[in-house]
Amino acid sequence: MTAKTVCHIGPIHDDGGMAAVIDSICSMDIEGWTSLRLNSYNRNPFWSRFSLVPTVLNKLTASLKKQNLDAVHIHVTHGMSWFRKHFFIRWCIKKNVPLILHIHSGRPQEVIRKAMRLLDKTKGSNLVKVVVLENRWLDYFPPDYRDRVSIIHNAPRPLFTSNSVLNEDLTFGVFCRPVKHKRHDIALKALKALREKDIQVKMIVTGKPFDDPPGWVEQHGWVSTDDLRIIMEKCRFLLQTSQSEGSSMSVIEAMSMGLLPIVSEASSETVGDHGVVVKGEDPLEWASVIESEIIRIQDNKNGAKELRNPYNRAEIAAAWQTIYDSLVHQG
1 MTAKTVCHIG
11 PIHDDGGMAA
21 VIDSICSMDI
31 EGWTSLRLNS
41 YNRNPFWSRF
51 SLVPTVLNKL
61 TASLKKQNLD
71 AVHIHVTHGM
81 SWFRKHFFIR
91 WCIKKNVPLI
101 LHIHSGRPQE
111 VIRKAMRLLD
121 KTKGSNLVKV
131 VVLENRWLDY
141 FPPDYRDRVS
151 IIHNAPRPLF
161 TSNSVLNEDL
171 TFGVFCRPVK
181 HKRHDIALKA
191 LKALREKDIQ
201 VKMIVTGKPF
211 DDPPGWVEQH
221 GWVSTDDLRI
231 IMEKCRFLLQ
241 TSQSEGSSMS
251 VIEAMSMGLL
261 PIVSEASSET
271 VGDHGVVVKG
281 EDPLEWASVI
291 ESEIIRIQDN
301 KNGAKELRNP
311 YNRAEIAAAW
321 QTIYDSLVHQ
331 G
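Residue 1 is where the sequence shown starts when you use the numbering used here, and the numbers rise one by one after that.
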């Protein structure tokens with residue numbers, strides 16, 4: 001049987017988490033399906049954030065004419081992302097092409113309201129399905145929408161498999177964009193407080209969030225996937241201090257590598273029982289929780305939270321196959 005084709009639309013050349021998710025899904029062995037990718041976004045120059053819309057629409061039309069398109073998988077977040085993607089959503093509806101709307105936003109209310117309006121408009125066709133990343137997002141949908149909304153977790157990319165030798169240094173990784181809401185300042189102040197107590201913690205960060213970091217902070221700009229893997233191998237812990245977060249790929253891939261995640265409440269569902277959650281934004285509270293976990297690991301390794309990876313790529317690939325197949329069969 002000839003494989004069907006799903007087209008992913010999103011920021012495939014960007015350095016952010018959405019591109020990592022697209023890369024992860026496209027690298028999966030999804031039975032009966034092959035994938036293609038169309039880039040809808042370039043960060044710079046600013047005008048290119050919108051200029052790719054006609055290009056994507058033309059490529060979609062060409063693929064449909066060649067009968068090389070069976071479903072479109074649109075990756076969307078809040079703000080201008082939705083504005084760009086609504087052109088592709090309208091194209092799919094007009095052409096009766098099955099559509100998956102995959103919501104990535106750490107602030108989902110805005111996107112979910114728009115997704116509900118889309119489901120209302122297409123209620124009779126069953127050609128549109130919405131995918132969210134965690135249960136907390138599904139709760140925003142009233143019960144009568146949930147037969148068209150699914151939860152599928154993000155999965156680590158193939159490169160991020162468990163370390164055979166776990167780093168015993170007190171090195172903490174912070175892997176996210178250098179934007180204010182990621183709250184790198186909490187991580188820096190918390191670890192500084194521990195060093196003032198002569199606990200020799202160190203930190204490795206990507207994205208260059210600090211202007212003049214202390215000597216115990218190893219700072220990188222944007223790094224390649226291969227380099228990120230190497231950096232993660234140097235770490236024992238992951239810190240995710242962001243107060244507004246989706247299902248973070250840096251958390252999921254760090255867990256897959258065997259790092260212990262210490263995260264804010266925004267990532268509590270992502271780590272589940274496999275990590276440590278810190279309430280609030282007080283760096284001293286973070287320092288206290290981190291110190292307790294260090295003591296527990298050093299004094300009794302069997303009592304520490306030794307991780308297994310809860311994000312199984314084969315299971316997640318099977319979930320995507322179910323979604324894709326159901327859309328085509330309904331269509």
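A few of these clues could be false.
[Said to hold, decoys possible] In silico DSSO-like cross-links for lysine-lysine, where the CA-CA straight-line distance does not exceed 27 Å:
(1) 234 with 208
(2) 202 with 180
(3) 66 with 114
(4) 208 with 182
(5) 4 with 182
[As the list claims (entries may be wrong)] Label-pair distances were calculated between CB atoms; the ranges are:
(6) 181 with 233: 22 to 32 Å
(7) 215 with 47: 15 to 25 Å
(8) 44 with 298: 37 to 47 Å
(9) 179 with 279: 47 to 57 Å
Source of the hints: derived by calculation from the structure; they are not laboratory data.
Glycine included, every Cβ here is placed at the ideal spot set by N, Cα and C.
These are the hints, each one checked on the structure:
1. 234 with 208: Holds: residue 234 and residue 208 sit about 18 Å apart, inside 27 Å.
2. 202 with 180: Judged against 27 Å, a Cα distance of about 22 Å means the pair holds.
3. 66 with 114: violated (31 Å)
4. 208 with 182: Answer holds: residue 208 to residue 182 is near 13 Å, not above 27 Å.
5. 4 with 182: The given pair, whose Cα atoms are some 39 Å apart, is violated under the 27 Å limit.
6. 181 with 233: 22 to 32 Å: holds (28 Å)
7. 215 with 47: 15 to 25 Å: violated (41 Å)
8. 44 with 298: 37 to 47 Å: holds (45 Å)
9. 179 with 279: 47 to 57 Å: violated (22 Å)
When each numbered hint is compared with the structure, violations occur for hints 3, 5, 7, 9.
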